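Peer 1: Here is what each chain is made of, one letter per residue.
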Amino acid sequence: MRLLRTGLRWDTAVGVLLVAVFVTGLGTTDGFASRDNLAFAFNDIAEVALMALPMTLLVVAGQVDLSVASMLGLSSALTGQLWDSGWAFETIVPVVLLVGVAGGLLNGWLVTKVGLPSLAVTIGTLALYRGLASVVLGSNAITDFPENYAAWAVDTTTVPGTFITYPVALFIVLAVVAAVVLHATGLGRSLFAIGAQEDAAYYAGIRVGRIKLALFVVTGLVSAFAGVVFTLRYGSARADNGQGFEMLVIASVLLGGIDFDGGKGTLFGAVAGVLLIGVLKNLLTLNDVANEVQVIVTGLLLVASVLTPRLISTVGEWRHRRAAATSSN
Amino acid sequence: MSQAVPTGVPVLALKGVNKSFGAVRALRDVSLELFPGEAHALAGENGAGKSTLIKTLAGVHRPDSGQVLLDGAPVVFHGPADARDAGIAVIYQEPTLFPDLSIAENIFMGRQPRRRLGRIDHKAVRAATAALMGRLGVALDPDRPARGLSIADQQIVEIAKALSFDARVLIMDEPTAALTGSETARLFSVVEALRAEGAAVLFISHRLEEIFRLCQRVTTLRDGRWVASEPLAGLTEDDLVRRMVGRDLDELYPKQDTRVGETALSVRRLTREGVFRDVSFDVRRGEIVALAGLVGAGRTEVAQATFGVDRADAGEVRVGGKPLRPGSPSAAMAAGLALVPEDRRQRGLVMEMSIERNIGLTGLDRISGKGLVKRALERGRAADWAVRLRLKYGRLSDQVGVLSGGNQQKVVLAKWLATDPAVLIVDEPTRGIDVGTKAEVHRLLSSLAAEGLAVLMISSDLPEVLGMADRVLVMHEGRLVAELPRAEATEESVMAAATGRTGEGRAAA
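Residue numbers (UniProt numbering), protein chains in the order written: chain U, 1 to 329; chain W, 1 to 509.
Looking at chain W on its own, in the form it has when it is part of the complex (with noise of 0.2 Å):
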């Protein structure tokens, strides 16, 4: 990390790029220089521009002025395919790889060598795999099908792809978000690799720690204009942080104390064999309860068989001291609770519906007089709730698809909270969401709860669960074993408990 400002030519590099989507400014004379052997850092908060950014590199968007330099000389991408040619690849978040072929088919996909009447040679495939995996330094079975991969190894094999391309530059879109730390761990060594053989890693990630573990340099967009490109050595986060929001960050975990009411959601013996068994516990007003554990302990599914869209095969939720009837979403909404889902774009929004109408889909009859849809009724909803979570839009009319993640996860929170629940649960409710978002986020939260709204988050965001929780619980493979006090949660408590090396905390009723 003692690079000081690289010279010579850039591999890549972008010029005073602008780029519009209708009345929206995506890109304003954007520059960037992509220098071999560099891993550079893509900064900025959902919004600021850094999709449009990559999909301008990987010729998937064209700028509407400005110039793409290929080595320092201009060059127009017409699509994917000519980016691909230059040398350019991208892996995305979540790689696309077909299930039903194997690691070295995904890789050679329609341009298998060949062996004579056409048939493929498949040694000649398996070999070539192998030789790229050690390129890679990882040990992955070619004949594997890539179906079971993780995604960890999946995007592995994008990037064997890449280099099966001679790709020179890397460009990878928040590449661990799904990643355990020990895959992370793994991924950058793969990125070392590839930087030392002279390539370029253009590396988007929010989690600030991994840009300053990863990378040499630096690219900050704030609303889609440039900020700046700089050397990391010398930066701090906070530094960082306040040139992707402009301003000094509020407290980014703003708790309030609050005074605990009566119990709002009761979940009793819950079980639904195979994910998750006998979870108990309750959440009262006022209270933040945090879910915590590793990914596919079962949180996400007691959340959604709490609310209803799963089936329960035992166990029985109150809500407010009535039982709740299972299995009927409906049911659960009209007894007062509420689910953000983590999966925004899937279940928590329909993309191509406007604004208004994904925050009306939650109050439909509440919106409706005499059957008929009451056009104003529907807009005063959404525009309140666009007015109180600071949504950024242009009209409500327009798709949520436009929105930055940020903004759309605000519309999910929105459609829920426009049905004035008692009970809201949240799964990941900052996920993939820049920090300016992520503080409102839980500002709002923090001033629900205090408002006597009983709040269930599921995080696997530990210093979000340690900041907003009144109380953690801690599932480990399908089971409740921890209940923490705010006081006694600590970033080693926690994490003994969901990882099975519990002995900490008292265990759950």
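With the rest of the complex left out, here is chain U (with noise of 0.2 Å):
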């Protein structure tokens, strides 16, 4: 009990039913553990993963994003859009990744300077970038991206001797970089700070604005480059691409044990969240399981993570209270 109470933290807890599912997993199902597989399963959340490294801090400073999966649409039937126009891939890329930094700039200008929710601002920017997505492409799909740069981000192609991709490989440097950022800079200790209190941060001068701009932008950035990966993944760029992933990342995020109110989390926690969604993700279609479903246990997942930290410390002050009663007769 004490263990519950004080020792056991979330994210450990995240981390320990992570690798609990993972060997469940090896234990029961045929071909979870072969190098393609696995390549597969986190391959198939790159994107995800990738956007919820932005997205952990944001949250932490007390933010959010809801346009990451749109921006990442965006950013795709660019890519598709300038492939078709003959551009070089070369030269797309940088422009794509601008736009990113534009959305992102939009956003943080509207938090940051007008002084809206970012919760309000990025509805609004969620159906603004997808919106352009669909001027830009309308309902074409462009498919004829050359073998050499989809080999990049496809999970056939690993880092030689390993079943880790390139983006998952991207996405573990980058979550190497945000974990150091948040738990051992000063950036890392004000976005707690900004997090927590904002207006104490402020007072102990913090450039809360300056900060908050940045994360929006560096949050537009990850996501056009999302879109870029996952165009070349699936060799196909469309503005619905990406459709309902700023759930899956928020997801993962909170399920990391991120706090929502902002202040409180851990990096390890939201990559312990993001790989425990891709790794049932993948299990469960492994066994068969329709996708409907698959989408019910990952609600059910979220719904778990939010109820149970409260469970914990209501069963351990129940158990409290009942030996203080013992105690004082």
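If you're looking for bench data, these hints aren't it; they were derived computationally from the structure.
Mixed in with the good hints, there may be bad ones.
Stated by the list, open to error - Computed, partial: chain W to chain U, Cβ under 10 Å:
| id | residue |
| --- | --- |
| 1 | Gly308 |
| 2 | Ala334 |
| 3 | Arg347 |
| 4 | Leu349 |
| 5 | Ile367 |
| 6 | Arg375 |
Unchecked claim - Pairwise CB distance ranges (calculated):
| id | chain 1 | residue 1 | chain 2 | residue 2 | range |
| --- | --- | --- | --- | --- | --- |
| 7 | W | Thr96 | U | Ala120 | 21 to 31 Å |
| 8 | W | Glu273 | U | Ala120 | 24 to 34 Å |
| 9 | W | Ser65 | U | Leu311 | 21 to 31 Å |
| 10 | U | Thr308 | W | Met495 | 57 to 67 Å |
| 11 | U | Ala120 | W | Phe98 | 19 to 29 Å |
Keep in mind that this is a model prediction, so the values were computed, not measured.
By construction, the Cβ of each residue, glycine as well, lies at the ideal position given by its N, Cα and C atoms.
Each of the two chains sits in its own frame; use the hints to bring them together as a complex.
Peer 2: This is the structure we're talking about:
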């Protein structure tokens, strides 16, 4: 009980759950442990995982960006359209990334300068960026991407000797960077302070507006990059690519124990959360569970992640009370 | 005030109550008896356990051991609702009314009398509210929305609400902290009326004179332990302070003589439309300058514009002769300004962060090397100041939220003193903190000034202003109306200027 009350932190618990699910998969599901499948399983959530990193920083700072998946779609549509118009891929990528920066700037400007809540702003830009994606590409699909570029994103190409694909490798590198920023730098300290008590952070001389703006810009940038990865991975640019991914991203982050009210959480938790969702999805698919049921499982997991810590503290208090009642007699 | 120790059965009592939070023993073997018709004071420094005791009576906390007795019989409150049903009402310092509902709707929230088809009987609600107000002897229109009511009026509404629940015990947690003199007088007459009806009142205040004015008996706590329960008649304020701090108090205003140096802070024609106009003053090294005035005179706003958390519409701030970029707290900090804000919980501290991280927040670059925070530097910075300010804490990694108010204030001071400022602005530095810590804060400010720090102190506590300041600036309705040297500053001269009846003192530059 003491363990539950104090020792076992939520992010550790999710990590343990991830290992448990993984081990269960090894024991129960044929083909789960194969190098091909693991490469596929993790590559399959690469975009969600990438976007979950800046999202973690945002949520810790008490903000949220719901427009990430729409930015992914816009980036994908733009990549397709420009490729179709004969641009070189080496030119397309920086242009698309700049669009991501611009989208992040718009989000950040509306939040920090106009003073609107990020939830409201990014619900708006969620529709806006997806709408722009449709304007760019309509209902077309561009599919004739050359093999040599696509090879970098697909799950059949891995870092030699491992099941790690290049998008996943990039995720690992960025996750380490994000973890260092969040937990070992002054900027990270500032993010926690802003999320927990923005006024106090501002009064302590922290440049709250500038930091928030930068977070939105980085999120836009990473989302646009995720759009390029997605396009190459499926070899298909469509305006509706990645629709609904924002929920998966936020689900991963919350599942990892990042407090939606801001000011609490660890990057390890967020990574565990996103991997847990990926592994579960893969296991359910391998066991022929229908996609609808997978969505339900993800939903239940999310509800459980919000509910369980509360349950633990309630049970702890109840036991504490009972112990106190017996000792006072 | 002629009552001896009351006899009969206490309406509410605690017997041998213990309560711990983790390693912190908040209450140890505490007992308290509240009799019908008495106003009972609860005295103690911050951190003595007053809040925990109140919350135990209000059903928020359950004692680890010991009993709560209602009319002599043990009860267990499973939550605030149980306590309320037992007739116990708590009025907090800052009431929480629904701003968009009327006074009457606030009082009868969730239990309005109904007419047929479940429609609310507004007429009955109004009439019942008017009757309650009549009982309290207060003229408040039941239809007025709660928005825009003064804190004093909001408290009256809370008391009316308590009455509507047939409360027999009224617990008032520092109700007068934000009230003016006349509002306090009205509150006290309401309490007198309730007492005459046989209600028991438990009254908490840091202002000793109020305790003596209102109450018949007093229970004192120190470090979570019961010290004494006794009639106030025959006690002096000094007696009470001695019980609270457990020793004779050092001088409360240990003002040292200092040598005044060159001008450190210079504010010229600072203006914020509709808030304050044309404010100019200097603070020199070694000086403590008080900014006095009534609540709402614009003092806090001047401090905030000086530090840059608010923008000024016109005017200039110079620190050490150099003009300060307006609207930038970080620029102000770089120039050597520090602001200890009035609202400790919202602006002074990140409550859920640890002591060391809060202190580190004002010097993230100083505790970092190559971009990474050095834990040893962070901890060292906090430890140095914790020792220097005699902070009472368990571990530096504890949340500041678990500290008492006075110790929280020390953390805010530590956080700013660690920036090694040239000018320290303190806004109500001792509001809501106990006498012992108050004396410590005064001694600290005094010795810092003696070391050459320029101090601008905003305070509504007149004895503090008169006891600590080398010069007193007085604001009235957004303007600086008087500047009084220490020798000329008296309660009368400062109040005359603050209320606009000026003529004393010379006009400010």
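Peer 1: Could you run down the list of hints and mark each one as holding or not?
Peer 2: So, going through the hints one by one against the coordinates:
1. Hint status for glycine 308 (chain W): holds, given a least beta-carbon distance of 9 Å to chain U, under 10 Å.
2. Because the closest C-beta pair between alanine 334 (chain W) and chain U is about 8 Å apart, less than 10 Å, the hint holds.
3. Residue-level restraint check for arginine 347 (chain W) holds (minimum Cβ-Cβ distance to chain U is 5 Å; threshold 10 Å).
4. Because the beta carbon of leucine 349 (chain W) sits about 6 Å from the nearest beta carbon in chain U, less than 10 Å, this interface hint is met.
5. This hint holds: isoleucine 367 (chain W) has a C-beta 8 Å from the nearest C-beta of chain U, less than the 10 Å allowed.
6. Residue-level restraint check for arginine 375 (chain W) holds (minimum Cβ-Cβ distance to chain U is 9 Å; threshold 10 Å).
7. Restraint check, threonine 96 (chain W) to alanine 120 (chain U): a C-beta distance of roughly 26 Å satisfies the suggested window 21 to 31 Å.
8. Taking 24 to 34 Å as the suggested C-beta distance range, the pair glutamate 273 (chain W) and alanine 120 (chain U) conforms, at roughly 29 Å.
9. Distance hint for serine 65 (chain W) and leucine 311 (chain U): a CB-CB separation of about 27 Å, consistent with the stated range 21 to 31 Å.
10. In this structure the supplied range 57 to 67 Å holds for threonine 308 (chain U) paired with methionine 495 (chain W), their Cβ-Cβ distance being about 58 Å.
11. The beta-carbon spacing between alanine 120 (chain U) and phenylalanine 98 (chain W), approximately 23 Å, falls within the hinted interval of 19 to 29 Å.
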